[in-house]
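Colleague: Residue numbers (our numbering), protein chains in the order written: chain D, 234 to 516; chain S, 133 to 519.
Derived from the structure by calculation, the hints contain no laboratory data.
These numbers come from a predicted model, not from an experiment.
Treat the hints with care, since some could be wrong.
Pulled a few chain D residues facing chain S out of the computed Cβ check, cut under 10 Å [stated by the list, open to error]: (1) 237; (2) 238; (3) 315; (4) 412; (5) 417; (6) 421.
Taking CB as the label site, the calculated pair distances span [stated by the list, open to error]: (7) S:367 <-> D:330: 51 to 59 Å; (8) D:337 <-> S:186: 38 to 46 Å; (9) D:331 <-> S:204: 32 to 40 Å; (10) S:212 <-> D:410: 28 to 36 Å; (11) S:313 <-> D:343: 36 to 44 Å; (12) S:313 <-> D:329: 39 to 47 Å; (13) S:284 <-> D:333: 54 to 62 Å; (14) D:495 <-> S:201: 51 to 59 Å; (15) D:340 <-> S:186: 41 to 49 Å; (16) D:330 <-> S:220: 29 to 37 Å; (17) D:333 <-> S:157: 52 to 60 Å; (18) S:389 <-> D:410: 51 to 59 Å; (19) D:287 <-> S:247: 43 to 51 Å; (20) D:426 <-> S:284: 34 to 42 Å.
We put the beta carbon where it would ideally sit given N, CA and C, even for glycine.
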Amino acid sequence: MRNDGFFKRAVIIGAVGWMTVFAFVPNILVFLASFCATSTENFIEPAATLRNYARLMDRTHLDILLGSLRLSGLVTAICLLTAYPFASILARARKPVRNTLLLLVVIPFWTNSLVRTYAMTAMLNSSGIVNNVLLSLGLIDAPLAMMYTPGAVVLGLTYTLLPFMILPLYAALERLDRRYLEAARDLGASPWRAFWRVVVPLTMPGIVSGCMLVFLPAIGMFYVSDVLGGAKAMLLGNFIRDQFLTTRDWPLGAAASVTLTALMGLMLLLYWKSAARLGREAS
Amino acid sequence: MASSSCTADDTEIVFRAQALTKVYRMGEVEVHALRGIDLELPRGEFVVLLGPSGSGKSTLLNILGGLDTPTSGQVICGGRNLVAAGERELTEFRRHLVGFVFQFYNLIPSLTARENVAIVTEIARDPMPPEDALALVGLAERLDHFPSQLSGGEQQRVAIARAVVNKPLVLLLDEPLSALDYKLRKAMQIELKELRRKLGITFVFVTHDQEEAFSMSDRVIVMNNGVIEQVGTPVSVYEEPCNLYVARFVGEINIIDAEVVEPGDGRARVRTGGLDVFMRTGHAFRAGEKAHILLRPEDLRVETLKDLAEDPELEDIFARGRSIVGTVEETIYKGATYDVVVRLDAGGVVTATEFFNEDDETVYFRAGDRVAVSWVEGWEVVLPYEK
Numbered sequence: 234m235r236n237d238g239f240f241k242r243a244v245i246i247g248a249v250g251w252m253t254v255f256a257f258v259p260n261i262l263v264f265l266a267s268f269c270a271t272s273t274e275n276f277i278e279p280a281a282t283l284r285n286y287a288r289l290m291d292r293t294h295l296d297i298l299l300g301s302l303r304l305s306g307l308v309t310a311i312c313l314l315t316a317y318p319f320a321s322i323l324a325r326a327r328k329p330v331r332n333t334l335l336l337l338v339v340i341p342f343w344t345n346s347l348v349r350t351y352a353m354t355a356m357l358n359s360s361g362i363v364n365n366v367l368l369s370l371g372l373i374d375a376p377l378a379m380m381y382t383p384g385a386v387v388l389g390l391t392y393t394l395l396p397f398m399i400l401p402l403y404a405a406l407e408r409l410d411r412r413y414l415e416a417a418r419d420l421g422a423s424p425w426r427a428f429w430r431v432v433v434p435l436t437m438p439g440i441v442s443g444c445m446l447v448f449l450p451a452i453g454m455f456y457v458s459d460v461l462g463g464a465k466a467m468l469l470g471n472f473i474r475d476q477f478l479t480t481r482d483w484p485l486g487a488a489a490s491v492t493l494t495a496l497m498g499l500m501l502l503l504y505w506k507s508a509a510r511l512g513r514e515a516s
Numbered sequence: 133m134a135s136s137s138c139t140a141d142d143t144e145i146v147f148r149a150q151a152l153t154k155v156y157r158m159g160e161v162e163v164h165a166l167r168g169i170d171l172e173l174p175r176g177e178f179v180v181l182l183g184p185s186g187s188g189k190s191t192l193l194n195i196l197g198g199l200d201t202p203t204s205g206q207v208i209c210g211g212r213n214l215v216a217a218g219e220r221e222l223t224e225f226r227r228h229l230v231g232f233v234f235q236f237y238n239l240i241p242s243l244t245a246r247e248n249v250a251i252v253t254e255i256a257r258d259p260m261p262p263e264d265a266l267a268l269v270g271l272a273e274r275l276d277h278f279p280s281q282l283s284g285g286e287q288q289r290v291a292i293a294r295a296v297v298n299k300p301l302v303l304l305l306d307e308p309l310s311a312l313d314y315k316l317r318k319a320m321q322i323e324l325k326e327l328r329r330k331l332g333i334t335f336v337f338v339t340h341d342q343e344e345a346f347s348m349s350d351r352v353i354v355m356n357n358g359v360i361e362q363v364g365t366p367v368s369v370y371e372e373p374c375n376l377y378v379a380r381f382v383g384e385i386n387i388i389d390a391e392v393v394e395p396g397d398g399r400a401r402v403r404t405g406g407l408d409v410f411m412r413t414g415h416a417f418r419a420g421e422k423a424h425i426l427l428r429p430e431d432l433r434v435e436t437l438k439d440l441a442e443d444p445e446l447e448d449i450f451a452r453g454r455s456i457v458g459t460v461e462e463t464i465y466k467g468a469t470y471d472v473v474v475r476l477d478a479g480g481v482v483t484a485t486e487f488f489n490e491d492d493e494t495v496y497f498r499a500g501d502r503v504a505v506s507w508v509e510g511w512e513v514v515l516p517y518e519k
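All chains, full assembly: derive it from the sequences and hints.
Modeller: Shown next, in the form of structure tokens:
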């Protein structure tokens, strides 16, 4: 028993220590840095200014932010529309089929996502597989320029993040009580109506968590934009990385980073609020 | 079929089913759930489909409600043929003309009682306000409670309110009270009867419980193995079962084998255990044909031979060639009554239900007593022999 208590305490201290050193402290440092001034010698200079946030609000930076949100939103929408039917099939499939399909969803995780993103260039570039197939079928005369376009970035992000949409949706749809659908049917609801009024509300927690799991990483996944989108900074993640590693404007990068975290926090808050409203079964 | 299967001409027929069959295919096996059902349900009746599980009663109900389609046959309701209707038309039908109540309430846990009912009114053509529907089932005070805050009976009432809020032509109830405890079930039976009277619509109620069926219905439809065995009022089904199956399924009954000695018009001379007796029967028998005599335990009268010998008046009643002699095998205490099991000298066992004497609370008969069993004249049923 004594040993148990010691072990328990050691594990908790270890975990808390780890989180403090590698997550909490760095985030605090970034937060503090966002209020500092730039300096040519030391990257940053202690100060207490909101100038960095003001700079973030200028035209070019705002465009990057909005463009990034738009792109991630698009990726989220595509993931949701593709994953929902797939997850429904998955939830209704017989066990062997279901396990096979789930395996197919999980297999990509076994390879590093950066490597997989590079693999996509082999599919998309002008002498890539897609172009070769289209050319040999005679559907196109000249190779399509697919690489280094926003479309390629959207494709890459969707490809990488789709499983994060499928899995929570599958969990929600699998839990869905079929009796509610029967009730909707015998109460005279059309299938379409039953879907919107019963299935969607009941799987809303899955939809929201899936969207969060796709939308938030999509904003930050700079390497996908790097590999498939070329030099253009399409995502907020690229912008932040550039501020720290290329432009060496740490305070601006920190401000962008804090803004991103605040955005995510705000969305989480909204989700919790709506989840509390949805799940307001009496205690 | 039974003569009591009345088809009232002056009342409007809500449902008309003709030659309905339903075959389920389970792999190699074909299951015949319905084997030719003909049915007419008048408006405003409380109809009970009574039968054991697997008799096809739920399948029939689902077909009447447009939730299932028959393999062959016709269902006409409200001037439309449900069998020919597409999915969209069936959805309309379910939305406006029928209401369903099942054993499971299927209330949405995140919505209040009122909201659960309102979910139907938003698509109905001319619904009553959800509050009125809930008031009808006695839940006017509990509009804003969530299902988890309501008891099982109250949840079922919400489901009933939800089923009638669109003012349907028919309410279809599939064993709706089976999940409730005995007392609550009794109370709900009475409430459902009242509700039907208030709404004036047809109720079709599926149950395997004969007592439930009799206490609620205007008309009982006894089903077995995919066919209708008998249609009639509770009294006629109980008093005049048209075959052995119905006789055995509704209540207790004694079945005595006999032989028709002399057929007649509306009656026949029947021989059993050396006893020759005229009995009332609607069946046309041939002489020498085997038959069953059916007697309800409560219609039997038992007296000891000793008492008969001492009481000339009693002996006179029993002596008109209408009593069978036997030995008491056992007595079974039932609370308000007790059963006397008598092994007849001529073979076979009958059970008679006796009331306690006003001034004597002890069971009068003892095992081994020699007794004579008689019955109220004219209350017997004589049916053709079945294997």
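Colleague: Would you mind marking each hint as holding or not holding in the structure?
Modeller: Evaluated hints:
A least Cβ separation of about 38 Å between residue 237 (chain D) and chain S goes past the 10 Å threshold, and the interface hint is therefore violated. Of the supplied interface hints, the one on residue 238 (chain D) is violated, with its beta-carbon coming no nearer than about 39 Å to a beta-carbon of chain S, more than 10 Å. Taking 10 Å as the C-beta contact cut-off toward chain S, the hint placing residue 315 (chain D) at the interface is violated, the least distance being around 27 Å. Here the hint on residue 412 (chain D) is kept, as its CB sits about 5 Å from the closest CB of chain S, short of 10 Å.
The beta carbon of residue 417 (chain D) is positioned within 10 Å of a beta carbon in chain S (closest approach about 9 Å), and the interface hint is therefore held. Residue-level restraint check for residue 421 (chain D) holds (minimum Cβ-Cβ distance to chain S is 3 Å; threshold 10 Å). Between residue 367 (chain S) and residue 330 (chain D) the C-beta distance comes to about 56 Å, which sits within the given range of 51 to 59 Å. The given range of 38 to 46 Å is respected by residue 337 (chain D) and residue 186 (chain S), whose C-beta atoms sit roughly 42 Å from each other.
Checked against the hint of 32 to 40 Å, the pair residue 331 (chain D) and residue 204 (chain S) passes, with Cβ atoms roughly 36 Å apart. Checking the proposed 28 to 36 Å range against residue 212 (chain S) and residue 410 (chain D) shows it holds: the Cβ atoms sit about 32 Å from each other. At about 55 Å, the CB distance of residue 313 (chain S) to residue 343 (chain D) disagrees with the hint of 36 to 44 Å. Remark: the range hint 39 to 47 Å for residue 313 (chain S) to residue 329 (chain D) is upheld by a beta-carbon distance near 42 Å.
For the hinted restraint 54 to 62 Å between residue 284 (chain S) and residue 333 (chain D), the CB-CB distance of approximately 42 Å leaves it violated. Look at residue 495 (chain D) against residue 201 (chain S): about 57 Å separates their beta carbons, and that is inside 51 to 59 Å. Under the hint 41 to 49 Å, the C-beta atoms of residue 340 (chain D) and residue 186 (chain S), about 46 Å apart, fit the expected range. At about 31 Å, the CB distance of residue 330 (chain D) to residue 220 (chain S) agrees with the hint of 29 to 37 Å.
Hint check: residue 333 (chain D) to residue 157 (chain S), Cβ distance near 27 Å, so the stated range 52 to 60 Å is violated. Checking the proposed 51 to 59 Å range against residue 389 (chain S) and residue 410 (chain D) shows it holds: the Cβ atoms sit about 53 Å from each other. The beta-carbon spacing between residue 287 (chain D) and residue 247 (chain S), approximately 48 Å, falls within the hinted interval of 43 to 51 Å. Between residue 426 (chain D) and residue 284 (chain S), the C-beta spacing of about 29 Å breaks the proposed range 34 to 42 Å.
Comparing the model with each earlier hint shows violations of hints 1, 2, 3, 11, 13, 17 and 20; every other hint is respected.
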